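K.L.:
The two chains are supplied separately, each in an independent frame; assemble them into the complex guided by the hints.
Line by line, the protein sequences are chains A and B. 1 is the number of the first residue of the first sequence in full-length UniProt numbering; add one for each residue after it. 1 is the number of the first residue of the second sequence in full-length UniProt numbering; add one for each residue after it.
Derived by calculation from the structure, the hints in this document are not laboratory data. Every value quoted in this text rests on a predicted model; they were computed, and no experiment measured them. Hints are not guaranteed to be accurate.
EDC-like cross-link-like pairs, simulated, lysine to aspartate or glutamate; straight-line CA separation at most 20 Å [claimed, not checked]: (1) B:Lys216 - B:Glu412; (2) A:Lys231 - B:Asp258; (3) B:Lys354 - B:Asp335; (4) B:Lys237 - B:Glu402; (5) B:Lys171 - B:Glu292; (6) B:Lys243 - B:Asp233; (7) B:Lys302 - B:Glu178; (8) B:Lys271 - A:Glu39; (9) A:Lys231 - B:Glu102; (10) B:Lys231 - B:Glu423; (11) B:Lys224 - B:Asp144; (12) A:Lys231 - B:Asp330; (13) A:Lys231 - B:Asp56; (14) A:Lys231 - B:Asp80; (15) A:Lys231 - B:Glu53; (16) B:Lys145 - B:Glu113; (17) B:Lys327 - B:Glu124; (18) B:Lys302 - B:Asp177; (19) B:Lys145 - B:Asp177; (20) B:Lys93 - A:Asp131; (21) B:Lys70 - A:Glu219; (22) B:Lys129 - B:Asp357; (23) B:Lys367 - B:Asp357; (24) A:Lys190 - A:Glu164; (25) B:Lys128 - B:Asp335; (26) B:Lys168 - B:Glu292; (27) A:Lys231 - B:Glu345; (28) A:Lys71 - A:Glu219; (29) B:Lys300 - B:Asp376; (30) B:Lys224 - B:Glu396.
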Amino acid sequence: MKKHNVWLSVDFLLKAAILFAFIFPFLWMISTSLQTFQETLSVPPTLIPSSPQWINFVEAMTSGPFATYAKNSIIITLSIIIIQFLVMIPAAYAFAKYEFFGKNVLFALVLIAFMMPGQVTFIPIYLMMADWGLIKTLIPQILPFMSNAFGIFLLRQYFMQIPEEIIEAARLDNASEFKIMWKIMTPMAKPALATIALFSFVSHWNDYFWPLVMTDSNEVRPLTLGIAMLKQSEGISNWHIIMAGNVVLVIPILIVYLLCSKQIVKAFVYSGIK
Amino acid sequence: MKLKYVLSAMAVLVFMMLAGCQGEAEKSSGTKSKEEGTATIQFWHSLGGKNGEFMDQLIQRFNDSQDEVKVVGTFQGTYDETSTKLQQSISAKTGPDVTMLERAYVQQFAESEVLEDMTPYLKESGLKKGDFTKGLMGHSTFNDKLVSLPLNRSTPILHVNKTMLDEKGLKVPTTWDELNEVANALVVKEGDKVTRYGLTMPYDTWYPIAMISQSKGTYFNKDKTSVGFAKNDVGVKVFQYLKDMQKTGALYYPPAQDSGNIVNQMFAAGKVGLMFQSTGTIGDISQNTDFEYVTAFLPKNKIHATPTGGGNVAMLAGSENKEAAWKFIDFMMEDPKGLQQFIVETGYLPFTEKMVDSKEIQDLWTKEPNKKTAYDQLKYAVDNNKSVAWPETMHEFFSAIEAIMYDDEEIEPTLDQFKGEVERILSES
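Just chain B, same shape as in the assembly (with noise of 0.2 Å):
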């Protein structure tokens, strides 16, 4: 008999439980609607840690600023999650009205015509194109639309050690050839083990496709069918020249897993020179490190060149408060207290002239001058990896760079089977 009690009082307990979420619900599901004259954005976004913290004071000043707009900013994993989330949303009509998207996705989104076009708004508030840096707006048009605005942009850039370059009476080298002198000079070696390294670079795509490009090739060719750096072997003599410096230890390739930290730590720790690595970093590094630290431009092959990344913003088309919304974003792009503050607190890119002209970022630049190279660097910046097919194609690209860097394969033969992939899901899409 007793157990029939405690069956019954776990039972009740169970729907109190489900009961006080439905509670709850209640309470948050007022939050799209206009309450008292104010309206709820909803913006999503993948900044964590330190730059998430910094997201939360941008919009906590947003809506200190003013009251008939309140925005609830919400971490939504990273940029490739982000991503996954807001395809499920959209269809489920649970999406934000403001989404933060790594540029790169811009364009599937686009074609999916889920992204509001923000000409009107932006003319509206007296803004126009040419306001932003042109070496970051790669990904906000599309077919003549306004689909994005950049947020938290950056490129690669070369990380130097200038402390570890000088004991070897060694400059900061600008071509490639001068960048593979130097990182062999700089090996260690105790036996056949190598304790210290010349270069490093996380394992992704942007560096290879940074280097195609310095060697004026392209990631996809002009009519999007293939890729475009078949011609007169571009693409295999970057990685010839990726694969020579692993094999002397010039070349510290990381292991995939959290190789981007994994890198920041052994340039701080100064086990490697230099380092190939997005602008993003740097607040960061210059903290931790006692050695003379400066950044240069990406060494050039026959060209300088450089791709961009990072985080753009966008209006959704199924949001029910699009003016709202925009308030939000035009107070990101243009007040001072918005993206401008964000940026010289993370150290991502500023692009409108009206932030670089102001005399925040100004002062910042003469305090560490290392974050003018990467704005500098820009004037180079082309993003030739455009196309709704890039996510699916960048799976492919990312196997081919593990067969060449990680498993040995040749060369030429794993580039030929990747322009296949290529080629297949172009001709698909």
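Next up, chain A with everything else stripped away, as it sits in the complex (with noise of 0.2 Å):
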């Protein structure tokens, strides 16, 4: 019996500590936008600011159009991840479970994709825009990500594992193949959606080096690059200020994740199969 919890507090000692690690940067980020200029500066760090300065959010979030950057990120990453979803969906619901001419050359083009990183596509997608004239729009930070690869490689090897006998049934009800793939297959899939969700969000929304590279002007720019603003080019940055831009940067990653973890654990709980 004292063995067992000798055992149990350093598993917690342990796990605390991991935990302290991650959270850390998190709270210090917190701390330094919460922080007078001149207590950023002090040594030893400041932990916890002498009177928290509220008045940093507003000093962020009045130093350039930020109403804009935050509603172009919003529309950026939502309609990114809603067009992946109709994207994606069918395709892995196709590679899965149907035969058809192709199919392994095809399923290997979804791979390449997924390897090819922007730094070597920008170019001729930036170029391509220009000549279509869609730089003042936001359709140079969607169009390219329309399907997720990675999406489609994780659904698929999902749907791989879905019984056939339940699809089979399912025909036998005379239900369709649209039917099929959006009432049975889909809810089914549910933890596969939400962790691809969460990863789609997370990347889109902290993307910096596509949106600076595909925007010549604020009105299209998202949160990421208005925070870069922030910056002292030369001299001293006020840490304090591009931190409590940070924190507002942050916020609706942290919701996100606390829904999509939740839908998780669920969605492991309940589901029919294993």
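P.N.:
Structure below.
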């Protein structure tokens, strides 16, 4: 019994240490966002601000067209996720459950797309978008991400695990293929869908490189670029303002994470298979 | 069935969003053409934070001063990111009319003939090259064409915590030998751990190049076929000098990431007494220190020398509104509310006689003599890294600096290898 307790406390301490290592940078960010400029410079570093400077958030949000940035970030990220789901689910269903000519070649193409980094394709895509006169729109930030190769791959694996008998049974009941896909397969793949949605959201919400190279004007820029602009080009950066901007940037990610993590757990517990 | 409705609703939503974007496109695509006789000029820059706000104010002052030209200023990331964006946008014909260019990139763009020769415009406005401070015009002409003018220019300078030196009865160093002595005398150790350093500088090619020039070497040789610091082991001596100081704790060489901010904060916090750093930081530092803070010329070795840095302004050959673009550039150069005011606000260097003689700048120098030191040092300005191939060799130079300063690699073989790389790059370009 005693030995058991020792292990429990070691277990607890280890978990606490790992948790602390992950959470500390976030706490520091929040702390810095509430400090005065002098406090951000002090050595040793200030951990708890003497009086919280909420004004930092006002200053960060009024230093540029942040309402536009936020609106763009939301439109871009939501559009990407919705379009990806519309493309990804039928594609994954076809790759998992249909036999057709050239299936393996097509799937290999999907995997190659998965391995191609944006840094390789951005110049041709920029030239193409400029040619179509779309640089002053949000489309260059949405269209290239219409399909999500990682998502198709993950979802296909998931669909393949669903027994053929379930589909057969539905077909016997005269369900259309469309209905099978959306009403039977999709709900069963909830954990995979939640995972993909979370990854997709985080990577596009936080993206700096792609919007930077695809946009030339503030009207079409997302939050990440607005926050990069807070950084002093020469001299001492106003870390308290930059961190206030970062807190605003991170909050939606935390919300989406909390929503998705609940969904993942729930789906694992209640799903009919395994 | 319900799902079908949800799906079609989602699809409609997506199309509405895309259509919404399209609508915005139409709204803003008119900016390049003339609207009611007003020409709109796109101006790209790399100024963030407070400097970015001062630049926005300058643009606002210009727009308020007349109603023929409207300038839209846009931040395009760091100097490097701006230059990448320029390259892609010029080939896509979506480039701006006027742009800020880090001075070392000017040659590269000038060679591709995408920068407009501003000589006729300069004449038209009654200006001449001689009106500009010579030390800052090093990157302005290319094949007899005036391809850029100074904008936010700076040089490295020695920042001194005078209070710390006085406590030890030390004088501000003016030569390398004195610098070595003072920096070592400032070191404070607790056991083996250094708690206070003598000298620091950001991780950058700027400072080694300054020191090479001070030792009568050059970055490129005269014919631009190789490096100009192999003769008499100039390069080896520069890095040996730095390494010797690093070993005793006299030199703190910061980690590469965000090194400029790190050294500024250490200096402001009194953790280091001397710092090589840009003149662009004087304003911030003087506001945030409670010790006696002075600036001085970079110490000399064989001679006094300093490279220059910061951004220039250029007009793009592809602009459809060159007259309007020049109007904006001319305002920045000549109007007291143009760059002169920006310079007073930010601490960058004035660069025309008119600016230097103005009451505003003279008042500023009386109030903050530290800023005058930087201007006076310009008489020693020399830039010997001018080449189309500079940006490419710069990356190799960074690798050599990393190998020597961080990984303790042998200096001579590292520099020999760097020399080989430079010769290869120069022979290819």
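K.L.:
Please list, smallest to largest, the hint numbers that this structure does not respect.
P.N.:
Violated hints (numbers, rising): 12 and 19; every other hint is consistent with the structure.
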